[in-house]
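Engineer: Based on the sequences and whatever the hints tell you, model everything.
Residues in the sequence shown are numbered consecutively from 223, following this note's numbering.
Wrong hints could be hidden among the right ones.
Stated by the list, open to error - Pair by pair, the computed Cβ-Cβ distance ranges are:
#, residue 1, residue 2, range
1, S517, E406, 15 to 25 Å
2, S383, S271, 28 to 38 Å
3, A290, F515, 49 to 59 Å
4, F515, Y268, 48 to 58 Å
5, K448, P273, 54 to 64 Å
6, R283, Y473, 27 to 37 Å
7, D366, P275, 45 to 55 Å
8, S267, A329, 26 to 36 Å
What the hints assert, rightly or not - Listed below are the simulated DSSO-like cross-link pairs for lysine-lysine, each with C-alpha atoms no more than 30 Å apart in a straight line:
#, residue 1, residue 2
9, K477, K411
10, K520, K505
11, K448, K474
12, K287, K333
13, K288, K311
14, K474, K411
15, K311, K448
16, K411, K311
17, K384, K461
18, K520, K477
19, K448, K505
20, K448, K461
21, K280, K311
22, K333, K349
23, K349, K287
24, K461, K520
25, K349, K477
26, K288, K349
27, K384, K333
28, K288, K333
Quick caveat, the hints were computed from the structure, so don't treat them as lab data. This structure is a prediction, so every number in the text was calculated from the model and none was measured. Just so it is clear, CB atoms sit at the ideal spot from N, CA and C, and this is done for glycine as well.
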Amino acid sequence: MLRRFAWTLALGLALAQGSTTPDSSPITAILVLEEDVMEDGQILSYVGSQPYPVATEKELRVLIKKLAREPKRPRFILQDGRWRGVEKKGLAFDEAEVLAAYREALANGRKSFRLPVRYLPPTPSLKDLYALGIREHLATGETDFRGSSRERAHNLLLASSKLDGLLIPPGTFSFNQALGPITEEEGYKEAFVIVGDRTEQGVGGGVCQVSTTLFRAFFLAGLPIKERHAHSYQVAYYKPTGLDAAVIQPYKDLKVVNDTPGHILVQRSVVGTRLRFHLFGTKDREVRWEGPFISDRKPPLPPRE
Numbered sequence: 223m224l225r226r227f228a229w230t231l232a233l234g235l236a237l238a239q240g241s242t243t244p245d246s247s248p249i250t251a252i253l254v255l256e257e258d259v260m261e262d263g264q265i266l267s268y269v270g271s272q273p274y275p276v277a278t279e280k281e282l283r284v285l286i287k288k289l290a291r292e293p294k295r296p297r298f299i300l301q302d303g304r305w306r307g308v309e310k311k312g313l314a315f316d317e318a319e320v321l322a323a324y325r326e327a328l329a330n331g332r333k334s335f336r337l338p339v340r341y342l343p344p345t346p347s348l349k350d351l352y353a354l355g356i357r358e359h360l361a362t363g364e365t366d367f368r369g370s371s372r373e374r375a376h377n378l379l380l381a382s383s384k385l386d387g388l389l390i391p392p393g394t395f396s397f398n399q400a401l402g403p404i405t406e407e408e409g410y411k412e413a414f415v416i417v418g419d420r421t422e423q424g425v426g427g428g429v430c431q432v433s434t435t436l437f438r439a440f441f442l443a444g445l446p447i448k449e450r451h452a453h454s455y456q457v458a459y460y461k462p463t464g465l466d467a468a469v470i471q472p473y474k475d476l477k478v479v480n481d482t483p484g485h486i487l488v489q490r491s492v493v494g495t496r497l498r499f500h501l502f503g504t505k506d507r508e509v510r511w512e513g514p515f516i517s518d519r520k521p522p523l524p525p526r527e
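Structural biologist: Below you can see the structure in the form of structure tokens.
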């Protein structure tokens with residue numbers, strides 16, 4: 223009886239002393255990361271690990287708070303001339319589970335332990351996109367808004383941000399419906415707009431550059447254009463001629479038909495003053511275009527006083 227009590231007391235003392243480790247020999251918490259990427263139309267899974275030395279439970283608590291993160295939706299990035307789909311899973315930690323794993327490692331004299339972690343996939347995930355037919359780059363449309371007023375640049379950046387990450391199902395796509403109202407309540411400002419043969423101040427000036435950029439991506443992807451309107455005259459933002467698309471809610475819209483085998487993902491990028499829309503989906507056609515060819519040239523209007 224006395225012998226059993228002495229053994230229990232000794233074990234309890236050892237566990238109490240093992241709640242921390244000497245500064246000279248911290249224990250290593252190992253975070254295992256699982257990531258998916260999309261390359262050449264295929265989903266590939268990678269597993270890696272990252273070591274984090276910790277000397278006390280306090281350090282461990284700080285560590286898991288630092289490592290915890292929300293998931294980030296998939297993005298396609300261009301590397302060495304090839305598009306890769308990447309995502310970042312979220313990381314969630316249960317403090318009690320982490321501390322239990324830490325204490326167990328200490329009690330057994332181990333120098334490292336694996337951090338218990340719960341992976342939080344983004345919505346949608348790369349696997350979700352793959353299932354929808356989004357597997358490769360289709361086309362990119364580009365315009366330059368150099369020289370725009372601050373208000374015009376604000377409007378086109380706001381409007382284009384609303385379309386970033388848009389999923390277009392098979393069928394007819396409406397630009398106006400996807401974008402939503404162009405109003406001051408939605409954050410748009412007054413800037414110059416083309417109305418007939420005049421340039422006037424109007425809420426949402428610059429949104430037509432967004433529709434133009436997206437139209438170019440649709441055009442270069444070979445999608446059937448169901449509705450598209452040219453501006454009444456050419457401006458520098460919309461060069462080259464014939465590749466612009468004017469929208470005026472609710473009268474003029476940009477409509478195209480997604481007749482590809484699956485959904486299409488719209489991804490925006492802004493580099494300096496260059497606005498781009500990249501389309502991703504399943505490529506089932508080759509597109510070639512020539513021109514533009516100008517068939518009806520009209521002289522400019524006389525200067526207004």
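Engineer: Each hint needs a verdict: does it hold in this structure or not?
Structural biologist: Verification of the hints:
In this structure, S517 and E406 break the distance hint of 15 to 25 Å, their C-beta atoms being roughly 40 Å apart. Checked against the given bound of 28 to 38 Å, the beta carbons of S383 and S271, roughly 36 Å apart, stay inside it. Taking 49 to 59 Å as the suggested C-beta distance range, the pair A290 and F515 conforms, at roughly 58 Å. At roughly 49 Å, the beta-carbon separation of F515 and Y268 lies within the given 48 to 58 Å, and the hint holds.
Range check, K448 to P273: about 56 Å between beta-carbon atoms, so the 54 to 64 Å window is met. Taking 27 to 37 Å as the suggested C-beta distance range, the pair R283 and Y473 does not conform, at roughly 60 Å. Between D366 and P275, the C-beta spacing of about 50 Å keeps the proposed range 45 to 55 Å intact. In this structure the hint that S267 and A329 lie 26 to 36 Å apart at CB holds, the actual value being about 34 Å.
Restraint check for K477 and K411: satisfied, since their Cα atoms lie roughly 25 Å apart, inside the 30 Å limit. Straight-line distance between C-alpha atoms of K520 and K505 comes to about 39 Å, which puts the hinted pair past the 30 Å bound. Annotation: proposed proximity of K448 to K474 holds, straight-line Cα distance about 12 Å (limit 30 Å). This hinted pair checks out: K287 and K333 have alpha carbons roughly 22 Å apart, not beyond 30 Å.
Distance restraint check for K288 and K311: the Cα-Cα separation of roughly 15 Å lies within the 30 Å cut-off, and the hinted pair is therefore satisfied. Pair hint K474 plus K411 holds up; C-alpha atoms about 20 Å apart against a cutoff of 30 Å. Using a Cα cut-off of 30 Å, the hinted pair K311 and K448 is violated, with the two alpha carbons roughly 38 Å apart. At roughly 37 Å between alpha-carbon atoms, K411 and K311 are farther apart than 30 Å, so this suggested pair is violated.
Proximity of K384 to K461 is assessed by CA-CA distance (about 24 Å); at most 30 Å being required, the pair is judged to hold. Between the alpha carbons of K520 and K477 the distance comes to roughly 27 Å, so the proposed pair stays at or under 30 Å and holds. Taken as a hint, the K448 and K505 pair is honoured in the structure, with Cα atoms around 20 Å apart against an allowance of 30 Å. Straight-line distance between C-alpha atoms of K448 and K461 comes to about 22 Å, which keeps the hinted pair within the 30 Å bound.
Restraint check for K280 and K311: satisfied, since their Cα atoms lie roughly 26 Å apart, inside the 30 Å limit. With a C-alpha separation of about 36 Å, the suggested pairing of K333 with K349 is violated against the 30 Å cut-off. At roughly 28 Å between alpha-carbon atoms, K349 and K287 fall within 30 Å of each other, so this suggested pair holds. For the given pair, K461 sits about 17 Å from K520 by alpha-carbon distance, which is consistent with the 30 Å threshold.
About 28 Å separates the Cα atoms of K349 and K477, which keeps this hinted pair within 30 Å; it holds. A C-alpha spacing of about 27 Å is found between K288 and K349, which places the hinted pair at or below 30 Å, so the restraint holds. Distance restraint check for K384 and K333: the Cα-Cα separation of roughly 49 Å exceeds the 30 Å cut-off, and the hinted pair is therefore not satisfied. For the hint pairing K288 with K333, the CA-to-CA distance comes to about 22 Å; that is within 30 Å, so the pair holds.
The structure fails to meet hints 1, 6, 10, 15, 16, 22 and 27 from the earlier list, while all remaining hints are met.
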